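Each protein sequence line maps, in turn, to chains A and B.
Each step along the first sequence adds one to the number in our numbering, with nothing skipped, and position 366 is 366.
Each step along the second sequence adds one to the number in our numbering, with nothing skipped, and position 87 is 87.
The set of hints was computed from the structure by calculation and includes no laboratory data.
All values reported here derive from a predicted model rather than from experimental measurement.
Among the clues, some could well be false.
Per the computed footprint, the stretches of chain B lying under chain A, defined by three or more beta-carbons under 8 Å from a beta-carbon of chain A, are [claimed, not checked]:
| # | region |
| --- | --- |
| 1 | 3 to 10 |
| 2 | 45 to 55 |
| 3 | 87 to 94 |
| 4 | 103 to 116 |
Below, computed lysine to aspartate or glutamate pairings styled on EDC-like, alpha-carbon distance capped at 20 Å [as the list claims (entries may be wrong)]:
| # | chain 1 | residue 1 | chain 2 | residue 2 |
| --- | --- | --- | --- | --- |
| 5 | A | Lys123 | A | Asp149 |
| 6 | A | Lys362 | A | Glu336 |
| 7 | B | Lys19 | A | Glu336 |
| 8 | B | Lys19 | A | Glu133 |
| 9 | A | Lys324 | A | Glu243 |
| 10 | A | Lys362 | A | Glu341 |
| 11 | B | Lys84 | B | Glu107 |
| 12 | B | Lys19 | A | Asp390 |
| 13 | A | Lys123 | A | Glu133 |
The beta-carbon is built from N, C-alpha and C at its ideal position, and this holds for glycine as well.
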Amino acid sequence: MGALIRYFGNLDLAEEAFQESCLAALRKWPGQSPPHDAAAWLILVGRNAAIDTVRRQGKQEPLPPEDALSTPEDTEGSLAQRLDDAHYRDDILRLLFICCHPELPATQRIALALRIVSGLTVKEIARAFLVSEAAIEQRITRAKARVADANVPFETPDQPERARRLAGVAAAIYLMFNEGYSATGGDALIRAALCDEAIRLGRLLLRLFPDQPELMGLLALMLLQHARATARLDGQGAIVLLEDQDRGLWNRSLIEEGQALLDKAIRHRSRGPYQIQAAIASLHSGAQRYGDTDWRQIDLLYAALEQLQPSPVVRLNRAVAVSKAQGPADALAMIEPLARELSGYFYFFGVKGSLLEQLGRKEEARDAFGRAIALAHTPAEAAHIRMHLDRLATP
Amino acid sequence: MLYVVLCYNDEDVTGSWTKEEDDMVMTRLVAVTDRLEKAGKLGPVARLMPTTAATTLRKGGYGKRLDPGPEPAVVTDGPFAETKEQLLGFYVIQCGGLEEALEIARELGQANPGGAYEIRPVSLFFPGGQVAARSHE
């Protein structure tokens with residue numbers, strides 16, 4: 001996709017071309033073994049398909065030189081050579097910087113980056129932003145139109161410009177990771193690949209900007225979360241809560257790397273949301289058993305996060321820490337004012353139900369869990385809530 | 001005679017290995033190192049974390065002078081990147097975190113000014129030890 005956009009300088013065309021080449025691959029690869037460089041093959045087929053499209057539409061757009069047009073079989077080898085691995089990998093990061101164009105409002109930038117670069121569906125992006133699919137569709141359409149109107153060249157921004165776009169790129173990577181981590185619909189393997197890709201991009205970004213504590217924080221956060229991946233789902237694909245996870249399954253080397261990065265970040269004494277979240281994740285990773293978790297410290301970190309980035313979701317997370325440190329009544333009082341803002345949020349009703357359950361308010365707890373089930377995105381989420389309901393049903 | 005074998009590769013490539021690929025390489029390596037260990041030929045082995053986890057201490061002092069010089073040591077993020085200096089040795093230290101590691105590096109830098117230390121966390125470490133005992137024989 002990155003290579004196609006660079007080639008055509010047009011998002012829609014490149015997106016279409018990418019889909020065409022994937023279709024071609026699906027038709028062709030089952031019959032014969034995939035070409036030795038699948039990426040190069042996809043780029044080439046996509047490029048040729050898009051050129052066909054342009055010709056059909058009879059548009060007077062300047063076409064790439066004719067010698068670039070040939071059958072995949074002919075050029076596969078030489079193209080694969082030119083697209084050496086390191087070079088191709090950078091394409092995705094470059095593309096992220098392009099999408100995070102300063103003329104686009106932040107929300108449009110990130111939506112565009114997620115759609116184009118990470119190939120997330122509109123539904124997945126909508127979920128990440130807690131808004132409707134229609135709203136996201138509109139953001140992406142507007143973003144594309146604005147990029148087209150402004151006649152913005154799809155060039156890689158230079159060093160100072162890159163620094164200005166950094167926050168948007170980091171946010172897009174973070175959302176990409178979250179989408180993989182929270183395992184919405186779809187294939188679990190694809191979700192894991194999304195997390196791996198986000199981590200890879202996070203590493204690349206930190207190498208480009210080695211002295212940015214927030215980028216260290218972002219990478220640390222992703223590594224610390226990802227370290228728990230294998231323990232988060234059981235054999236049947238059901239969610240295993242933090243308190244029930246087999247901590248022996250946590251990936252120690254990822255945790256240590258996350259910790260080392262957080263150590264580096266803290267030395268800068270310039271706190272930021274990613275660093276704070278990484279510090280919270282690090283406290284979880286550092287607890288030998290769930291009972292050892294330092295909830296008071298986690299509560300303080302969430303309070304700091306709220307100061308920097310006030311949001312109902314942060315408050316909801318903080319309430320969980322408060323419920324552990326001070327008890328469910330205080331936590332419930334904290335989240336009740338959020339009811340309107342989070343009325344479409346699965347976790348809100350999950351947490352609320354659980355707090356009510358702890359307070360022995362069974363009827364209300366059942367009610368909250370019922371709403372959570374209605375908002376669940378995956379069978380695993382729904383199954384988890386049903387388990388709570390079953391527990392409520394037994395005296 | 002003791003030798004060190006320093007490992008260089010493109011971390012973009014090694015970092016994109018799947019867990020299965022990584023495990024496979026490690027298994028093949030262990031087959032070699034096990035044999036070396038049994039023969040008493042293997043000392044400490046370390047696998048380092050990616051360069052993104054590195055911090056560099058540019059030491060005070062300069063040139064041929066052996067005094068630490070007036071300017072303090074400077075800490076920068078990332079790996080050692082200059083090419084005019086050469087790799088001359090390394091220390092493995094046990095410490096509570098980056099601050100302590102930097103403290104130790106500063107102290108070493110006072111004793112041996114000039115150049116730089118790259119401080120990189122170790123992700124895997126096998127102490128070995130047989131060869132160390134032999135070198136004192």
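inquiry  = Hint check: Lys84 of chain B vs Glu107 of chain B, CA-CA at most 20 Å. Holds or violated?
reply    = violated (23 Å)
key: Coverage of the region 45 to 55 of chain B by chain A, judged on three or more residues with CB within 8 Å   = n = 6 at 8 Å, threshold three: holds.
query = Holds or violated: Lys362 of chain A with Glu336 of chain A, Cα cutoff 20 Å?
reply = Holds. Lys362 of chain A to Glu336 of chain A sits at ~17 Å (cutoff 20 Å).
task = Examine the region 3 to 10 of chain B for residues whose CB is less than 8 Å from any CB of chain A, and state whether their number is three or more.
result = Since three or more residues must qualify, the claim that chain A covers the region 3 to 10 of chain B is violated, with 1 doing so at under 8 Å.
message = Tell me if the straight-line CA distance from Lys362 of chain A to Glu341 of chain A falls inside 20 Å.
response = Violated. Lys362 of chain A to Glu341 of chain A sits at ~24 Å, over the 20 Å cutoff.
request  = Starting from Lys19 of chain B, check that the Cα of Glu336 of chain A is at most 20 Å away, please.
outcome  = Judged against 20 Å, a Cα distance of about 44 Å means the pair is violated.
query = How does the coverage statement for the region 87 to 94 of chain B fare against chain A, requiring three or more residues with Cβ below 8 Å from a Cβ of that chain?
reply = Since three or more residues must qualify, the claim that chain A covers the region 87 to 94 of chain B is violated, with 0 doing so at under 8 Å.
message = Would the hint linking Lys123 of chain A and Asp149 of chain A be met if the CA-CA limit is 20 Å?
response = Not OK: Lys123 of chain A and Asp149 of chain A at ~26 Å, beyond 20 Å, violated.
task = Would you mind confirming whether the straight-line C-alpha gap from Lys123 of chain A to Glu133 of chain A stays at or under 20 Å?
result = holds (6 Å)
task = Compare the distance between the alpha carbons of Lys19 of chain B and Asp390 of chain A with 20 Å, and conclude whether the hinted pair is satisfied.
result = violated (38 Å)
message = So is the region 103 to 116 of chain B in contact with chain A by the C-beta rule, three or more residues under 8 Å, or is the coverage claim wrong?
response = violated (count 0)
ask   = When you check the alpha-carbon spacing of Lys19 of chain B and Glu133 of chain A, does it fall within 20 Å?
value = violated (35 Å)
The structure shown violates the earlier hints numbered 1, 3, 4, 5, 7, 8, 10, 11 and 12.
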